[in-house]
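Participant: Sequence:
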Amino acid sequence: MDIRYLQTLLDVVEGGSLAEAARRQNLTAAAVGQRLKALENELGVVLVRRSGPTVRATPACTRIIPRIKTIIAETALLPSDIAADGLAGPYRLGVISTALADHVPSLIKHLQAVAPDVDLTITPGSSAHLFDLLSRAELDAAILVAPHFALPKSVRCKVLEQQSFAWVTPTKAASSDLPLIVYDKTSWGGEIAWRWIAQNLKSQNILCEMDAPETVASLVAGGAGRAILPIWAGLSNTAGIDIEIIPELPKRSVVFAHSASPIDETCQAFFNGKTAL
1106 MDIRYLQTLL
1116 DVVEGGSLAE
1126 AARRQNLTAA
1136 AVGQRLKALE
1146 NELGVVLVRR
1156 SGPTVRATPA
1166 CTRIIPRIKT
1176 IIAETALLPS
1186 DIAADGLAGP
1196 YRLGVISTAL
1206 ADHVPSLIKH
1216 LQAVAPDVDL
1226 TITPGSSAHL
1236 FDLLSRAELD
1246 AAILVAPHFA
1256 LPKSVRCKVL
1266 EQQSFAWVTP
1276 TKAASSDLPL
1286 IVYDKTSWGG
1296 EIAWRWIAQN
1306 LKSQNILCEM
1316 DAPETVASLV
1326 AGGAGRAILP
1336 IWAGLSNTAG
1346 IDIEIIPELP
1356 KRSVVFAHSA
1366 SPIDETCQAF
1376 FNGKTAL
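Residue 1106 is where the sequence shown starts when you use our numbering, and the numbers rise one by one after that.
Rather than coming from a laboratory, the hints here were simulated on the basis of the structure. All C-beta atoms, glycine included, are put in the ideal place defined by N, C-alpha and C. A few of these clues could be false.
[Claimed, not checked] Below, a list of computed lysine to any residue pairs in the SDA-like style, where the Cα atoms sit at most 25 Å apart: (1) 1290 with 1320; (2) 1142 with 1110; (3) 1290 with 1326; (4) 1277 with 1311; (5) 1356 with 1315; (6) 1142 with 1173; (7) 1214 with 1225; (8) 1263 with 1251; (9) 1290 with 1251; (10) 1356 with 1319; (11) 1214 with 1266; (12) 1307 with 1352; (13) 1174 with 1134; (14) 1356 with 1306.
[What the hints assert, rightly or not] Okay, the calculated beta carbon distance ranges per label pair: (15) 1314 with 1252: 18 to 26 Å; (16) 1328 with 1307: 21 to 29 Å; (17) 1301 with 1264: 17 to 25 Å; (18) 1228 with 1157: 28 to 36 Å.
Sequences are here, hints too, so could you generate the full structure?
Facilitator: Structure, rendered in structure tokens:
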């Protein structure tokens, strides 16, 4: 059985269509259909049902999906098993948006130098989404905001930095009564800021809410409103804004969450040696 065909089936089920699976694998829809047919013939069971462009897994397919994920994950580990130091094969790293520029470029250069056989894939996303992927073994590690709940024993965390929160306002504000652009209060970092806002601001004139601190900062720089944001390196370099730290607001912890594989340990050693952290 070709492992690539199993990945194709997984992409069809997760993407919900042959077209989406074809896009993910850089194949034609006809080629995807042929792979599914080959799997069905080999297993002797119907795996998907089509309804127009939509494809759904059959009950039999749903039952074998967990095992397929395990097979694919275990197969991906073969290069690192073969390598004496374990520094080879695919490595899936999730990263929140504000850490992409702050931490990822230097980490990529480091891995190129010390672990050239590592095939690094970066997945951006929110902390909650990345942690969910990590807990389901769909990521190997993640840089995210520290969760507010106890971590499972299988996950280790290295604190990369503690970020203060600050009022962010336009440098040339036309008015001191600008509306709030809220850092999504349901996000792991945004909820910290929102608790302070709810307790300390009598008037909450909200323009909009989003889990995109960089976009919020850009809107503030353009004069659209004001915001309370964590101070990451990129924010300090944003033109057109003033930053005033709120000392009584708890800081946002950014952590490297991982399971202590050889590649994880190499990344952590790199973070331990960064003088900026």
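Participant: Each of the hints needs a verdict: does it hold here or not?
Facilitator: Now for the hints, and whether the structure bears them out:
| no. | hint | verdict |
| --- | --- | --- |
| 1 | 1290 with 1320 | holds (15 Å) |
| 2 | 1142 with 1110 | holds (10 Å) |
| 3 | 1290 with 1326 | holds (21 Å) |
| 4 | 1277 with 1311 | holds (20 Å) |
| 5 | 1356 with 1315 | holds (19 Å) |
| 6 | 1142 with 1173 | holds (17 Å) |
| 7 | 1214 with 1225 | holds (11 Å) |
| 8 | 1263 with 1251 | holds (10 Å) |
| 9 | 1290 with 1251 | holds (15 Å) |
| 10 | 1356 with 1319 | holds (18 Å) |
| 11 | 1214 with 1266 | holds (20 Å) |
| 12 | 1307 with 1352 | holds (19 Å) |
| 13 | 1174 with 1134 | holds (22 Å) |
| 14 | 1356 with 1306 | holds (19 Å) |
| 15 | 1314 with 1252: 18 to 26 Å | holds (21 Å) |
| 16 | 1328 with 1307: 21 to 29 Å | holds (23 Å) |
| 17 | 1301 with 1264: 17 to 25 Å | holds (22 Å) |
| 18 | 1228 with 1157: 28 to 36 Å | holds (30 Å) |
Of the hints listed earlier, there is not a single one the structure fails to meet.
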